[in-house]
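Asks: Input sequences plus hints: build the corresponding full structure.
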Amino acid sequence: MSTFTPANSAEAVEAVRESKRLRPRGAGTKPALCAVDDETSILDLTGLSGITEYDPGEYTFTALGGTPVAEVEEALGKNGQYLPFDPPLLEAGSTLGGTVAAGLSGPGRYRYGGVRDFLIGASFIDGDGRELRGGGKVVKNAAGFDFPKLLTGSLGELGVLLELTFKVFPRKEAFATLEVETGGFREALDTIALLNSSTEELFALELRPPGTLELRIGGVASVLQARLDRLRSLVNFPCVVVEADEDRWRAAGEFSWAGAGDSLVKAPATLGVIEALDERLEELGAERRYGCGGSVAWIAWPAGESLADLEELLVESGTSGLILRSPGRTVASVFINRSPGPFEKRVRSVLDGPGTFSMRTAGQAG
Amino acid sequence: MDEAAFVSQLLEELKKTYPPGRLLTAAAELAPYESDALTAFKARPRAVVLPESAEEVITTVRACHHHGVPFMARGSGTSLSGGSLPVEDGVVIGLNRLNRILRLDPRERIAVVEPGTVNLKVSEAAERYGLYYAPDPSSQLICTIGGNVAFNSGGVHCLKYGMTANHVLGIRAVLPDGELVELGSASLEGVGPDLSGFFVGSEGLFGIALEITLRLLPRPERYHTVLASYDSLEGAGGAVALVVSSGLLPGAMEIMDRLAIEAAEAAVDAGYPRGAAAVLIVELEGPAEEVEAERLRLLEIIEESGASEVMEAREEEERMKIWKGRKSAFSAAGRLSPDFLVQDGVVPRGRLGEALRTIEELSSIHGLRVANVFHAGDGNLHPLILYDGRVDGELEKAEELAGEILRLCVRLGGSITGEHGVGVEKLAYMKDMFSDANIEVMKRVRSAIDPGRLANRGKMLPEGEPPALKFHGPHPLEKEGRISRE
Chain A
1 MSTFTPANSA
11 EAVEAVRESK
21 RLRPRGAGTK
31 PALCAVDDET
41 SILDLTGLSG
51 ITEYDPGEYT
61 FTALGGTPVA
71 EVEEALGKNG
81 QYLPFDPPLL
91 EAGSTLGGTV
101 AAGLSGPGRY
111 RYGGVRDFLI
121 GASFIDGDGR
131 ELRGGGKVVK
141 NAAGFDFPKL
151 LTGSLGELGV
161 LLELTFKVFP
171 RKEAFATLEV
181 ETGGFREALD
191 TIALLNSSTE
201 ELFALELRPP
211 GTLELRIGGV
221 ASVLQARLDR
231 LRSLVNFPCV
241 VVEADEDRWR
251 AAGEFSWAGA
261 GDSLVKAPAT
271 LGVIEALDER
281 LEELGAERRY
291 GCGGSVAWIA
301 WPAGESLADL
311 EELLVESGTS
321 GLILRSPGRT
331 VASVFINRSP
341 GPFEKRVRSV
351 LDGPGTFSMR
361 TAGQAG
Chain B
1001 MDEAAFVSQL
1011 LEELKKTYPP
1021 GRLLTAAAEL
1031 APYESDALTA
1041 FKARPRAVVL
1051 PESAEEVITT
1061 VRACHHHGVP
1071 FMARGSGTSL
1081 SGGSLPVEDG
1091 VVIGLNRLNR
1101 ILRLDPRERI
1111 AVVEPGTVNL
1121 KVSEAAERYG
1131 LYYAPDPSSQ
1141 LICTIGGNVA
1151 FNSGGVHCLK
1161 YGMTANHVLG
1171 IRAVLPDGEL
1181 VELGSASLEG
1191 VGPDLSGFFV
1201 GSEGLFGIAL
1211 EITLRLLPRP
1221 ERYHTVLASY
1231 DSLEGAGGAV
1241 ALVVSSGLLP
1251 GAMEIMDRLA
1261 IEAAEAAVDA
1271 GYPRGAAAVL
1281 IVELEGPAEE
1291 VEAERLRLLE
1301 IIEESGASEV
1311 MEAREEEERM
1321 KIWKGRKSAF
1331 SAAGRLSPDF
1341 LVQDGVVPRG
1351 RLGEALRTIE
1361 ELSSIHGLRV
1371 ANVFHAGDGN
1381 LHPLILYDGR
1391 VDGELEKAEE
1401 LAGEILRLCV
1411 RLGGSITGEH
1421 GVGVEKLAYM
1431 KDMFSDANIE
1441 VMKRVRSAID
1451 PGRLANRGKM
1461 LPEGEPPALK
1471 FHGPHPLEKE
1481 GRISRE
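For the record, the sequence lines run as chains A and B.
The first sequence begins at 1 in my numbering and counts up by one.
The second sequence begins at 1001 in my numbering and counts up by one.
It is worth saying that the hints were derived from the structure and are not from the lab.
All values reported here derive from a predicted model rather than from experimental measurement.
Virtual Cβ for every residue (Gly too), placed ideally from N, Cα, C.
Please note that the accuracy of each hint is not assured.
[To be verified] Listed next, the in silico DSBU-like pairs over lysine-lysine satisfying Cα-Cα at most 35 Å (straight line):
{"#": "1", "chain 1": "B", "residue 1": "Lys1324", "chain 2": "A", "residue 2": "Lys172"}
{"#": "2", "chain 1": "B", "residue 1": "Lys1443", "chain 2": "A", "residue 2": "Lys345"}
{"#": "3", "chain 1": "B", "residue 1": "Lys1042", "chain 2": "A", "residue 2": "Lys172"}
{"#": "4", "chain 1": "A", "residue 1": "Lys137", "chain 2": "B", "residue 2": "Lys1431"}
{"#": "5", "chain 1": "A", "residue 1": "Lys137", "chain 2": "B", "residue 2": "Lys1324"}
{"#": "6", "chain 1": "A", "residue 1": "Lys172", "chain 2": "B", "residue 2": "Lys1321"}
{"#": "7", "chain 1": "B", "residue 1": "Lys1016", "chain 2": "A", "residue 2": "Lys345"}
{"#": "8", "chain 1": "A", "residue 1": "Lys78", "chain 2": "B", "residue 2": "Lys1160"}
{"#": "9", "chain 1": "B", "residue 1": "Lys1431", "chain 2": "A", "residue 2": "Lys345"}
{"#": "10", "chain 1": "B", "residue 1": "Lys1160", "chain 2": "A", "residue 2": "Lys345"}
{"#": "11", "chain 1": "A", "residue 1": "Lys137", "chain 2": "B", "residue 2": "Lys1160"}
{"#": "12", "chain 1": "B", "residue 1": "Lys1042", "chain 2": "A", "residue 2": "Lys137"}
{"#": "13", "chain 1": "A", "residue 1": "Lys137", "chain 2": "B", "residue 2": "Lys1016"}
{"#": "14", "chain 1": "B", "residue 1": "Lys1431", "chain 2": "A", "residue 2": "Lys20"}
{"#": "15", "chain 1": "B", "residue 1": "Lys1121", "chain 2": "A", "residue 2": "Lys172"}
{"#": "16", "chain 1": "A", "residue 1": "Lys20", "chain 2": "B", "residue 2": "Lys1016"}
[As the list claims (entries may be wrong)] Computed footprint of chain A on chain B, listed as stretches where at least three residues anywhere in the stretch have a Cβ under 8 Å from a Cβ of chain A:
{"#": "17", "segment": "1023-1029"}
{"#": "18", "segment": "1090-1102"}
{"#": "19", "segment": "1190-1200"}
{"#": "20", "segment": "1286-1297"}
{"#": "21", "segment": "1413-1421"}
[Unchecked claim] Calculated Cβ distances over 12 Å to all of chain B for the following chain A residues:
{"#": "22", "residue": "Gly57"}
{"#": "23", "residue": "Asp126"}
{"#": "24", "residue": "Ala221"}
Replies: Pasting the structure below:
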């Protein structure tokens, strides 16, 4: 196994052309997604870093794939802007490319959408070493096939992300977080359903089982208290306002609640899926969080439990999973209960005909 | 065997599926399907089928594939880019009868709909749960979700809420060779490539969506809509820049110029100030307290921007009146000119002023009037080029002017289309926006999905000659006031 460390896109293209098997890697904050076997080389993209264009008036910026998300957030923050989907693992050093390739969004996804909704342009290298581009640099664009969407969640199997353009939003003047103790799992789910259809305009809605909800609102500082009061009476359960809520959300984005030895798995969810999942996870003692109004389950699968059992559980619950890290284990696939269908296979045959980027994760996944 | 023989065999086969009233082959029956809302283009299909179930669509696609006959799926035909122009001598699959809302789940906030479902019907069905479907193209009274999916349709709320792609969670589709696929799911989140996102906006080239899972949002508690008039277009543009830098994120920001205001007033009497050089519409929405606080800030900004007159909608009726003026602006242009072309270019917001000045210059060089209506929040221009198709050479001149405007948008760092799609209309300009290698890879993806190039052949990807311009005047449905242009 060798590692390429390109300093520019031409060198990255060269590496793709030279390699039979290649795995793009950013900062490696999702270790399972960059585990490789002996025949696969690593394409370390941290050298392709930096914001190349940023005009706050346009609500857009462009940066190289290896740019740390933290660097972007700092630049945006100086102009009162941010990436509203709260990219996770920012403190761990996550890169823009890695966030897109893994298709990960944090709690803020609830309000305005996820990474798929904010990525508006991408240049990438396909499996034949061609430099391609999709989307554009303006916030609205309907020309050509939407490659930025396709690349979101593609795990680098459809191309190496070179340069990415995002839409950004102005950050609200003030935020506040309410912790709601609903008393039970069922009550919590019903409250999520109530809030999902309410006009309260939450910025985040997360469930810490069995029954604790975290609600975030944002807006004009002078009316925040009035809105908090309204929320309290709507949910009608004991509530506490969380002090220094920014720290709380940052920590949540690092998955600090998950045990270091556990496998961390993302599973797309609905309220129905969560209902089916939770009891069994509780029995097995698996820590988990349900994010984004019940749209995603984050599961810390205990080191001692078999991943095959998790697969069975996800199948039964009607969902799938993506293993982000799995220390000490070798996993056959980072996907659980998901394999490419005919549409994906056909697209893949074009973007990676030679199979240069196909994942073979015989290496340790954490 | 020649092509006509293949088509005849196909028709024989389709007769087994469709009774005579749902398999149209007579010239008079085919005529309404010859063009869409971009009436400059016209093509005669060999047949139109009107399926009433997904199974019939699948059977039709498989039959077309078997006989190698091109097909085009169509909803209400409101495309402004010629996206639902038939393939000459191909089959049109009219999807309006597949208009059922199969599931509406307020707890999960989703609606599963058939492709022929009219956009506004989704919001109407969701209303009793306090929910709505966000994308709102001006044609939402009649345009269908299937068409919205194919063309990634927008509307006036795109900056904040995105386009169709941002609200589609899952798609069950039939690929052009008859294979069935499920893309995405009922969840907002997924693992693996975002395939439903990739399908949206593929202009019918990837096949036909049979079931679409849509995300619903809670209807905002309060709207606040402001109409401000300016003595110049630059004044209105300057106000947009001030709003943007203030940190407010309005649901909509729209500008109309003098000619567009005149047209709208003549058509619907929206109460816009006559004589203004430009009006700016800004709409805030959200929880009542928040909107009230933002309202005061917005008013300060509008005052600072030098507006000559400010009107705040005090009640829903006034708000609807403001929007009626905006949404009817383009069909109203029919009162100013026998024919018009709507363009859909996008420029970076900061280059709006430059773009508008250049459009004005181009307009006088070509001797054609141009009215401007645009989504100022996201830099999406809709220049409306007025011409008379009965005057020799005017259509060609209008096309030329349109082309120069599109190239201007690309030059300024924008796009040839914000929400209408490439269709047939902008085929010639794809090369201005994408390199040969990029167009080549799109073609290869298309061929991998549709080796026979049967699905909506001739759209989006430049290949042969675009169809000839043949027609003038508003679309028959537009004359009846049933469709309008964004």
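Asks: Check whether the Cα positions of Lys1042/B and Lys172/A lie no farther apart than 35 Å.
Replies: Violated, because 49 Å separates the two Cα atoms, which is more than 35 Å.
Asks: Holds or violated: are the alpha carbons of Lys1160/B and Lys345/A at most 35 Å from each other?
Replies: Holds. Lys1160/B to Lys345/A sits at ~34 Å (cutoff 35 Å).
Asks: Has the segment 1190-1200 of chain B got at least three residues whose CB is nearer than 8 Å to a CB belonging to chain A?
Replies: holds (count 10)
Asks: Say whether it holds or is violated: Asp126/A keeps its Cβ farther than 12 Å from all Cβ of chain B.
Replies: For Asp126/A, whose nearest Cβ neighbour in chain B is about 7 Å away, the distance does not exceed 12 Å, so it is violated.
Asks: Taking the shortest Cβ-to-Cβ distance between Ala221/A and chain B, state whether it exceeds 12 Å.
Replies: violated (9 Å)
Asks: Can the restraint linking Lys1042/B and Lys137/A be considered satisfied, given a maximum Cα separation of 35 Å?
Replies: Roughly 33 Å separates the two Cα atoms, so the pair holds.
Asks: Verify the proposed pairing of Lys1324/B with Lys172/A, using a straight-line Cα cut of 35 Å.
Replies: holds (31 Å)
Asks: Checking one constraint from the list: CA of Lys137/A to CA of Lys1160/B, max 35 Å. Satisfied?
Replies: holds (17 Å)
Asks: Hinted pair, alpha-carbon criterion (35 Å max): Lys137/A, Lys1431/B. Please report holds or violated.
Replies: holds (17 Å)
Asks: For a C-alpha distance cap of 35 Å, please report whether Lys20/A and Lys1016/B respect it.
Replies: Roughly 52 Å separates the two Cα atoms, so the pair is violated.
Asks: Over 12 Å to the closest beta carbon of chain B is the bar; see if Gly57/A clears it.
Replies: violated (5 Å)
Asks: Going straight from one Cα to the other, do Lys1443/B and Lys345/A come out at no more than 35 Å?
Replies: Holds, at about 16 Å.
Violated hints, in rising order: 3, 13, 16, 17, 18, 22, 23, 24; the structure is consistent with all others.
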